[in-house]
Each structure stands twice: as C-alpha cells, then as structure tokens.
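Enquirer: The primary structure of each chain is shown beneath.
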Amino acid sequence: MSLTENIHIGRPTNRVDGRLKVTGQAKYAAEYPAADLLHGAIVGSTIAAGRITALNVEPARQVPGVVEVFTHENRGKAAWLDRSWRDEVAPPGHPFRPLHSDRILFDGQPIALVVADSYEAARDAASLVSAEYEVREHCTELERKRSEAYVPPEKRSGIPPPPDPRGDPEKAFEDAPIKISRDYRVNAEHHNPMEMFGTTCVYEGNDKLTIYDKTQGSQNAQGYVTSVFGLKSKNVRLINHYVGGAFGSALRPQHQLFFAVMASLELKRSVRVSLTRSQMFHIGYRPDNYQTVSLAADREGRLRSIMHDAVASTSHYEDYQEAVVNWSGMMYHCDNVKLSYRLAKLHTPTPCDMRAPGAAIGVTALECALDELSYEVGIDPLEIRRLNFASKDENTDKQFTSKALHACYREGAAAFGWDKRKSVPRSMQDGHDLIGWGVSTGMWDAFLQKAEATAKLSADGKLEVSTAASDIGTGTWTILTQIGADAFGLPLEDVTARIGDSTLPTSPVEGGSWTAASNGSAVQAACEAAKETLFKHAKKMANSPLADSEFEDVAVSGGCIFRIDDPGKRLAISEIMHAADLEEIEEEGKVGPDLLQMMKYISYTHSAVFAEVRVDEELGIVRVTRIVCAAAAGRILNPKTARSQILGGVVMGIGMALHEEAMTDHRLGKIMNHNLAEYHIPAHADIENIEVIFVDEHDEKVSPLGVKGLGEIGIVGTASAVANAIFHATGKRVRDFPITIDKLLAA
Amino acid sequence: MNRFDYVRPDNVSDAIRALATGSSKVLAGGTNLVDLMKYDVERPGRIVDINRLPLKEITPTAEGGLRIGALVSNTDLAWNDDIRRQYPLLASAILAGASPQLRNAATTGGNLLQRTRCYYFYDPSTACNKRDPGTGCSAIGGVNRIHAILGASPDCIAVHPSDMCVALAALNASVDVEGPDGKRSIPFSDFHRLPGSEPQRDNTMSSGELITAVVLPPSDFGANYTYLKIRDRLSYAFALVSVAVGLTLKADAIDEARVALGGVAHKPWRDTAAEELLRGQRPDTQLFLKFADQVLTPAHGQGENNFKIELARRAMVRALHQAFAGTPQDQSVKSVQ
Amino acid sequence: MAPSSADIPASFVINGSRHALTIPPWMTLLDLLREHLHLTGSKKGCDHGQCGACTVLVDGIRLNSCLILAVSRDGADITTIEGLERDGDLHPLQTAFVEHDAFQCGYCTPGQICSAAGLLSERHAHNRAEIRENMSGNLCRCGAYTNIADAIEDVMAQDAAAREAAE
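Protein chains in written order, with the working numbering: chain B, 1 to 747; chain X, 1001 to 1337; chain V, 2001 to 2167.
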C-alpha cells in the first residue's frame, strides 16, 4: 500500500499530553493514591567504605506511626544469585543489592528503610536511625587510582570497545609538522531530573502488585521485580505513564523500587518510597574522567595522527562502560589512530548512562583538541573540520547510511554569521566583555532496536496504538499518535496511543535516542498490518468496489478505504467491519535491526554547534549569548517536539561547560554539594538565544520511518563549542570542565 | 523533620515568653528554618510562629530614616516606594538574592538570621563546630571554594550568605531586638559576629531575644551606589563575592564611601579605616585598587577559595567604578558595566 | 494516617473550595496538597526551595509550598495548578505553554506556570531579561527555558493588548 499523504508527520504538532501536563493532571510515580498507603524513607550510610557493626533502630521504632524498620538484619526475602538482580542494561559485575549485607561500598548507601503510616513519621523516624561502623580505607579520587586503571575484562553489551589501532599513530605523530597533546577532564555530573525517584507499589493481595515507578523501561523494571522477588510475571504490572525527566538515570531500576516492593510484600500493604534530592546523588552519575588527546596534522591541517586515551571511574561492584574514545576514530578521516579506554574503581555507586553517555565527554575532549590544533595550523576551526570530513566510519570500515554534516556546517554557519568571525583570539570586544565564537561537531548513534506494537482499529474508525515505550519528555506520546493518525488518515483526536505499561507489546528501555525510530516504526508496521487486514475484509465483501484491487492500490482516510486512482471506489470502515461481523481489527507490528544491512552500513546523527560567549575577563563571568545547533537527524516527525529535544541537550551542554560538577570531599568520600542549590544546573537567567536547524537528510536505511533520533545529539558538541568560544574570546584554554570563575581567573 | 510543639502568639510579649523554652525556634518566612529542619540540622522542640505579630509596617523615623518591621517580606521591602527612592542599594541587593518565591516568603528579620550555606554545616553526617560545637571544622582542608577569606577562625570558615545584609551593613542600619530583659538597639556592624571559638553563635543576640525591626538612618547616595554580585550561575545562587557600595560626592571627589563585602566572611565585611582612604580623593582605578588592597590585607584563602581574594579585589574596583559613574548594576542585566 | 494529639485545626480555601482540617504542625503545605488532598499537580522537585516545582499562589503571591508549614498559613486562599482553569478554559499561560512547547517531561511545568502567573500579577518584569531573571527560581532540567520565556512573553503581550483595548 502506498502511503497516503502525511498530514501529521513532519508537522509542528502540540503534545497530545500537553493539556494534562499544564493542568497538573499528568500523574507521576509517587502521585498515585492507594488505600492504607504506607510511606518509606531510606537511611543512607555516613561512611564510604567498611562494615556496619551496630544499628540502632529503636528510637525510630518509637516514633508514632512507624510500622517497621528494615535493615540488612531483617530484610525481606529476595533472590540470592547475582544474575537475578541483573536488569536489561546492567554492566558486567555484581549488581547492587540493597540491604544485602553489612558491607558499605559507597557513601549514602542505603542501610535502612523506615516504613510508617505517614510520610512525616517515616521521615522523622529515618533521622533517628543510627549506625556504628568499622571504617575501611576508601578512595573517591580518580587521580589517585589512575595508575591502577584497567581494561574492563568483560565488555558491556551494546558498547563497542575501542577498535584496534590503525596505521602507525606514534610515528605519524612524531613525523608531523604540527601537533598537540593535551589533557582534559569533565568532572562527574549528576542527572538531576526534576522528578525525584519514586515508586508507589499497590498491593493487590496474594503477591499481586501494581507498581507505579519512575523508570525509562516499564518492562525492564517489571522484569527486575519478578526476578528479584521471584514473582510470577502475570502478577506484576508496572506503569510509568509520565516520567519527570530521567536523562539515563532511570534506565536501571533504582533503590526506591526495590524498597517499595520489598516492604509491600513483607507487610502486605501498599507502600510508597521516594528518594530525597540528596539521595539522588548516591545513585548513578556521569563518570569522572581524565582524557589525553594527541593530534598531529600536516601544514594544511589534514589530520595525520589521532590518539585518545581515557580513564573513567566505576564502582567497586560493576564495570560500567561507555564509548568515550571511539568517536575519535570515526568523526574525521585519519589513517593513524590509537584509542584506549580504561576504568578505575572508586568507592562510589556505579555510574549510569547520562545523556549521550561516552560521547558527551569524549567528543568534548576531541573537539577542544581539534580547536587547539586549528590555531596551531592557523586555519579556521570550522575549516579544519570540513577538511577532515570522514566519508565512512573508519573504525569499522562501514558506509554511513547518511551523513548530511556538510549541510550542518553550511546552514549552521550561515545562521550564526560565522563568516564575520575575526580569527584572532581576543579580537572582539564590547565594553568589559570579550566576545568569542566557537564551533564543534557533534555525533551520536542512530539505533534501531527490536520493538513491537499493536494497532487496534475499531468499527467507529478510531485507532489505538500500543507499545511499552516510555515518554520521559521526549514526545513519544505525540509522535506515536501522529504516526497512527497518518496511517489511517485520521485526525489526532481519533487516535489513542498507549505506552508506559509493562503489559503492552515489547519495547526496549527508552534511551539511546532510539525510541522514535524503533517504537515509531513498530507502530507504523502494526498500522500497515491492520490496514492490510481491513483491506482483505473489504475485498471479500459482496459486490466490493475493491474486489479487483491490490493492497498497493488503496489508501485509508476519512474513515474509508478507497482506490488511490479512483477514490470513488470506496468502502467505509464501519461497513467493512459490519459485513465481517467484527468490532475491531487488531494487528501486531515488529521491527528490528537489519543484520544484513548492518554488515555494510552504520548510522549516526550529526550536528554542528556554534556558540557565542561574552566573557567578563576581569571577573571571570561567562555568558552564553547565542547557540546555533544544526542537526542532521534524518526525518523529523514533529519539528516542535524535536526542536525541544535539541534545546534540552544544548542547555545541559551549557551546564556541562559552565556549571555542573559533583564536589567530593575525598577525605570523607562524600559529595558535598548534594542539592540543587549548590549543584548548579542552568537557570532561566543562564539561557539566552538558542537556534535549532534541522538540515534535510533522507535516509531510508536507518529505520523504516527514516528517523534517527534526537535525545542525545543536542548535548554532544555543545560544551566544546562553548569552551572553544571562551578560548576565542579570551585566549585562555580551560581543559577541566566545568569552566568556572576560579579556573578562568587562574588561566 | 522532627516533631515539635507549635505556638502562634499574637503579640511580641507573648512571643518572648514562648521563646523562653530552651529549644524554641522562631518561625517567620520559614525559608531557611524549614529547610534546615528537613536536613535535620535544626531540631527545635518548639516552634514559635510569629507571623501574627504586628511587625509588618515600614514607617518613617523621626530622624528621617525608615523603620522596617521584622516581618516585612523581602519582596515588599525591595519594591517599597520609599525604599526604592531613598535606599535603592537595599532594593538592589534584595533582588540579587534567592528567587521571587523565596523573597515573597522571607522576612527582614529572618534574612538577618539566615544561617551559612557551608556544605558541612548542612550535612549532619560531618563534623561542624557551628552545628555541633566541639566536633571540628570539616571545611578546613575540605571542599571550601565558597568559604571565608576574611575573619575566619581555626574553628569555622563559614560565610554569611545574605545579600540584603551586605547592603544593610553599608547603610549603617541598626537592629531593634526585644527580649526578657527589654528592648535594645544593636548597630548593624555589631549584630553579626566573627566565628572565633564560638561559631555556633552567628550574632550577638541573647537567647530569648526577638528581632522587631531594622532601622535605617537617613541616607542619600543618589545614583552613586551599586550592588554587584558574582556567583557560579547568573541567578538563584549564593554569592562567591558581592560588593555593596554607596558614595557621596563633593565636586569631583569622594566625600564619603561605604563599601561592604558579602560572601567573604562570617558577617558582612566592612573596613571603615580603608573607607577613609577614599575620602576627599578623586576616584580612579589606582585609588580603588589601593582601597581594595587595604581591605584584603588580612585576607587569606583556604585552598580552593584562594581565587576569591583576587575576585573580591577586582569586584570592589568594578563596583566602585559603577557607583562613581552612577550606573548601578541592574540585577536583571547580566553584563557588568 | 492516625490523628495525633499534636494536630492543629487549620482551614484553607484551596482552588475555591474551603477545607477545614486538623493537621500536624510539621506537615508542609506541599505534602498537605499532594498526600492528603491528592492535589498532585504541585510537584516535589527538591523539597528545599531550590527548584520551584512546588510553586503555588498563596493569597495571590507565588511561594515555594515545600518550605511552608501548612498550619502557619491557616486561613490562606491557595491556588494550585489545578485551580487555574476557569469554566473549563485553560488559563492563557496554560495555553501558551502548550503552544510554545514550553515543557518536555512536564514535571516542573505546574511550578513554572504558577510562578509565571505570579510574575504577571507582580508586573515587575517588562522585557525578556527581566522575565528570565524573575523566572530563575524555577529550574527546568529538560531545558525548555527559551520556550517558557516565549510563552510568558506571548501572554504578557496579550495582557498589554487587552489593557490597551480597555483604555
């Protein structure tokens, strides 16, 4: 069947969940009521390494309303084997098991759960739980563990290790006329979604649970619960209709899910547990890292050698891995490349994917180094990027399914006015402000994951599309509705999307920017299947005007199926259903990566980010006055929500450039700025003008919908563009992110 | 947050009686106290809610100044016509602090009594002499990029976080308090104290005393004032360094200069001897630098916060230029003229 | 939750409805709204006055409800996000937020809108820079700031036009 004209796909459509969100009706995990609900409060350890030798829970038990205090001494039953605790996206190692034993592996590790009949009583009682410890030596300082860094023996699924070296990078470096070798660091960051982690576990009797959880994957979290607690899958339903941001932090089940379910099963009551904002600094984070990038070029600026080494933090119990250095082997053409990536164990929780994991820090280092090289060569920073354009992925020797990066450079530069840039640093000034313009390339994977969906067409012509996807602010509700509406030529109001529920058709976790491509394509496939079934019934009807037609000849719109070349030949959906004695037609759709194609092709999203900063050099104050982000991301389903995705990535990138870092007291092994007053994320005042451009990019190979995904690309390259602009403004190169006032004054 | 008794007196004398119980705390706007209670830093046995006391007026004084009731909100104070006309420095400093929501709740008295934002003070799992006297100061040798460069002691290097108080220090305000022993007025410079060996005491009030008003003497800097605040993000963050300046000029020279620093010490920092250097002088950068150097002579860093010494120096010079030029910092405009 | 001897009577008008309650003094206004009155539109993003997600209008003034002991506002008239609609019509800010896509995950949104409503009635913000500064007490981790500012500017312009027409 040929597609009818797309009315909705490609149009800037308001979010279908918009009204619910602006009226406060959209419900998040900790907001569901339940009869006789109990409230849990978690108590964290106050040391970073050692053993609990004594726990005093009696004062907590004395608080009126307290029902139970769980510790490792009386924890409810849960699986013994490590593998039962492994969720879909767990890295290699031994997953954290709350209250499993007296061992402490990181500061703030949960040591007790107080359950009470009110939130206030639980909170009060939690403050009265105390512990004595046998303190062991800890280390939270990556620099001290750098020399012990190791190549992770077991690879994390889905994360390609650095490729083998190619060419002779050391010799090429040695021989090249122009070279730099620089150390970079991006300090540990915390996701800090606005919604704090929460779970409401509704006890339905007989170990049957309905769980409302903050998660990016209802089925991943549901699988964790059934596996850890040995429950039947049919008895556990997990719902995450609305997720108040996550940015990767909710890919894996977090402590509060375990605690709410454990307490619920033990007490046979409904239980709600939320983390506090401080406690959210004791779950996953973007790993601390040290990187060394060595680049060499000929006198024209052609890259002769790229070497990129990274050491990143992980916990003592898991080998968290992400692709940090791989980008340096594929973003630019170079015959001599050496990439290395190692881990070092710290007394912290396991890091967790955070928006563009790996790329956000690795590309930042590479793009700053390339900027430095451009000044050494004496060519424009944009020109050096164009000059070294990679027309294939040289890590894998595969073709890109598409790469409209030149268009990003061109259109981004035009919108920004790059041609008016004065090349010499410190050459643009306005009063006390030095003005600088910087550029960076961005790159992120375009994945297609296995996903399933159903499409249910009812006799009144209304459509319901279902898949267990999550919308963490990404616009999933809206784009799936648009896809369904276009498949059947319906107005948006006649289409209902169902997501955020573990009982729906199989979906991967919401992450990696793959949801639109994967779940969107699955919904489209389901709709096509439902249309085909509808057509078969139409064809079978007595005196059917479509009797001689093939599926390719017809389209569905306005509640009818009709011949495209002769729209008069048509049948109403209601007629067809009535004739076939059907109330509805429901079909499934499935998509997955094309393994044959993947042997030859690989897919990425690309971007060019241009930044303008104003730096009050004397006072060290930086303002990002303008960002232009031009992205090549395949087909754009909804320019309005797509633009928002980029804006969000850019804002978080500005935070990476200027604000965000966990400040750890390494003597205590404690993060000290564990709150939103002192862990600074950008505020309204920090964000001025951001322009988003989507360049034309047609890619039929990347996914059936031609979609690449947008969740991460906005952050990749933003911090480096800002850092490069600061250099252009001031002539000062700060290689330790974030670029705060103290560092600029010292530079 | 712990459980506590709650009383809500209607008049000042009842409030003072209610405060006589040892572990009582005064609740006004609550923006700091409730926050600290949620972190279990404060665990009062009794909350004395003073929001019904008649302390919400701003009235002229016989001397030509203004008397600000302790319960006047930060917002009402900042946007009060008399304040904006006579004390724009105060209005500007208030608007540089916190957020509109917090300023709507926070009160004049409460602003004076807000406690430090030292990370360790806020985290009861760490040692802190201010929170738990005698336990030690974790900030020394720790994460201390926001800490004091002036007036610190071996027992405490915390800073007072207020913006408003920096302006009040420059304005030579005084604080009216009332307690079991009657009423008294405390000059602003004597109100907050340096930590010394008793960092648990932020100010010179006696236990059981209540702030009833802040009194401003007459003042007219014209447009020759500024409040310049430097922080890690452009709004909704505490000062790394802030400077309040008020100048009166005679011909082309400075007749009187008042300069107070925020974010650098356990109290708003003034150096009146250094201010005398400016008197009668024709302003230029060299003069301002000389002044700043004198103010910072006793400064010393704790490691991570060493940069604040140079930052304070530069901020003072810039702020003095702003004040002299009559171009005070607009708190919505993030470029610094 | 069982009543406690420490409970104190307090009454409020919330979104136009009177509520006469008996509540413990250590209950915040935010927890009262969310846990007891099931008005979960007001969000808990930090519980410490550091994010603005809990912003509600108390006697017409925007406040962080997480830092208010509910009993201390006995007698107050409170408007939450659930009370901004009039006769089933969205408040102009709500409409503008949808039109400008001024949110993503939606969690900070009720606080942003209540805060913006407070900002409009204060009339201290007159331009983009002042809007940004006066909305800085509302963090948005999804980074919708530019769209939020667009939405508020849009409503501000509508208000100005309406005032002009009325004059």
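Worth flagging that the hints you see were computed from the coordinates, not collected in a lab. Every residue gets a Cβ at the ideal spot worked out from N, C-alpha and C, and that includes glycine. Watch out, some of these pointers could steer you wrong.
Said to hold, decoys possible - Label-pair ranges, simulated between beta-carbon atoms:
(1) V:2018 <-> B:101: 44 to 54 Å
(2) B:35 <-> V:2085: 27 to 37 Å
(3) B:430 <-> X:1284: 21 to 31 Å
(4) X:1196 <-> B:79: 29 to 39 Å
(5) B:415 <-> X:1294: 18 to 28 Å
(6) X:1279 <-> B:424: 25 to 35 Å
(7) B:64 <-> V:2126: 24 to 34 Å
(8) X:1294 <-> B:54: 48 to 58 Å
(9) V:2126 <-> X:1279: 52 to 62 Å
(10) B:503 <-> X:1056: 48 to 58 Å
(11) V:2018 <-> X:1010: 22 to 32 Å
Stated by the list, open to error - Pairs of lysine-lysine, DSS-like flavour, derived with a Cα cap of 30 Å:
(12) B:145 <-> B:345
(13) B:590 <-> B:462
(14) X:1334 <-> B:732
(15) B:732 <-> X:1290
(16) X:1290 <-> B:743
(17) X:1334 <-> B:420
(18) B:450 <-> B:392
(19) B:456 <-> B:600
(20) B:743 <-> X:1250
(21) B:179 <-> B:145
(22) B:27 <-> B:450
(23) B:27 <-> B:345
(24) B:590 <-> B:600
(25) B:179 <-> B:450
(26) B:462 <-> B:536
(27) B:155 <-> B:392
(28) B:420 <-> B:179
(29) X:1334 <-> B:422
Enquirer: If a hint holds in the structure, say so; if it doesn't, say that too.
Expert: Hint by hint, here is what the structure shows:
1. As the Cβ distance of residue 2018 of chain V to residue 101 of chain B is approximately 53 Å, the hint placing it in 44 to 54 Å holds.
2. For residue 35 of chain B paired with residue 2085 of chain V, a C-beta distance near 29 Å keeps the hint of 27 to 37 Å intact.
3. Distance hint for residue 430 of chain B and residue 1284 of chain X: a CB-CB separation of about 23 Å, consistent with the stated range 21 to 31 Å.
4. Taking the beta carbon of each, residue 1196 of chain X and residue 79 of chain B are about 56 Å apart, not inside 29 to 39 Å as hinted.
5. One distance hint, 18 to 28 Å for the beta-carbon pair residue 415 of chain B and residue 1294 of chain X, is violated here, with the actual separation near 50 Å.
6. Checked against the hint of 25 to 35 Å, the C-beta distance between residue 1279 of chain X and residue 424 of chain B comes to roughly 44 Å, which is inconsistent with it.
7. Distance hint check for residue 64 of chain B and residue 2126 of chain V: the Cβ-Cβ separation is about 52 Å, which falls outside the suggested range of 24 to 34 Å.
8. Residue 1294 of chain X and residue 54 of chain B have their C-beta atoms about 55 Å apart, which keeps the hinted 48 to 58 Å range intact.
9. At roughly 39 Å, the beta-carbon separation of residue 2126 of chain V and residue 1279 of chain X lies outside the given 52 to 62 Å, and the hint is violated.
10. The hinted window of 48 to 58 Å between residue 503 of chain B and residue 1056 of chain X holds, with their beta carbons roughly 56 Å apart.
11. Distance hint for residue 2018 of chain V and residue 1010 of chain X: a CB-CB separation of about 23 Å, consistent with the stated range 22 to 32 Å.
12. With a C-alpha separation of about 7 Å, the suggested pairing of residue 145 of chain B with residue 345 of chain B holds against the 30 Å cut-off.
13. The hinted pair formed by residue 590 of chain B and residue 462 of chain B meets the criterion: a straight-line CA distance of about 22 Å does not exceed 30 Å.
14. A threshold of 30 Å between alpha carbons decides the hint, and for residue 1334 of chain X with residue 732 of chain B the separation of about 21 Å falls inside it, so the pair holds.
15. In summary, the hint linking residue 732 of chain B to residue 1290 of chain X is supported, as the alpha carbons are separated by about 28 Å, within the 30 Å threshold.
16. Only pairs whose Cα atoms come within 30 Å are accepted, and residue 1290 of chain X paired with residue 743 of chain B is accepted, the gap being roughly 25 Å.
17. For the proposed pair residue 1334 of chain X and residue 420 of chain B, the alpha carbon gap of about 25 Å is at most 30 Å, so the pair holds.
18. Proposed proximity of residue 450 of chain B and residue 392 of chain B is supported: the alpha carbons are some 25 Å apart, at most 30 Å.
19. Restraint check: the Cα-Cα separation between residue 456 of chain B and residue 600 of chain B comes to about 36 Å, which exceeds 30 Å; the hinted pair is violated.
20. This hinted pair does not check out: residue 743 of chain B and residue 1250 of chain X have alpha carbons roughly 40 Å apart, beyond 30 Å.
21. With a C-alpha separation of about 28 Å, the suggested pairing of residue 179 of chain B with residue 145 of chain B holds against the 30 Å cut-off.
22. A threshold of 30 Å between alpha carbons decides the hint, and for residue 27 of chain B with residue 450 of chain B the separation of about 28 Å falls inside it, so the pair holds.
23. At most 30 Å may separate the alpha-carbon atoms for a hinted pair to count; residue 27 of chain B and residue 345 of chain B exceed this at roughly 39 Å.
24. Taking the CA atoms of residue 590 of chain B and residue 600 of chain B, the gap is near 23 Å; set against the 30 Å cutoff, the hint holds.
25. Of the pairs offered as hints, the one joining residue 179 of chain B and residue 450 of chain B is violated, with about 44 Å between alpha carbons and a cut-off of 30 Å exceeded.
26. Proposed proximity of residue 462 of chain B and residue 536 of chain B is supported: the alpha carbons are some 19 Å apart, at most 30 Å.
27. The suggested pairing of residue 155 of chain B with residue 392 of chain B holds, with an alpha-carbon distance near 25 Å, which does not exceed 30 Å.
28. Distance check on the hinted pair: residue 420 of chain B and residue 179 of chain B sit about 28 Å apart at the alpha-carbon level, within 30 Å; holds.
29. Taking the CA atoms of residue 1334 of chain X and residue 422 of chain B, the gap is near 25 Å; set against the 30 Å cutoff, the hint holds.
Consistency note: the structure conflicts with the earlier hints numbered 4, 5, 6, 7, 9, 19, 20, 23, 25.
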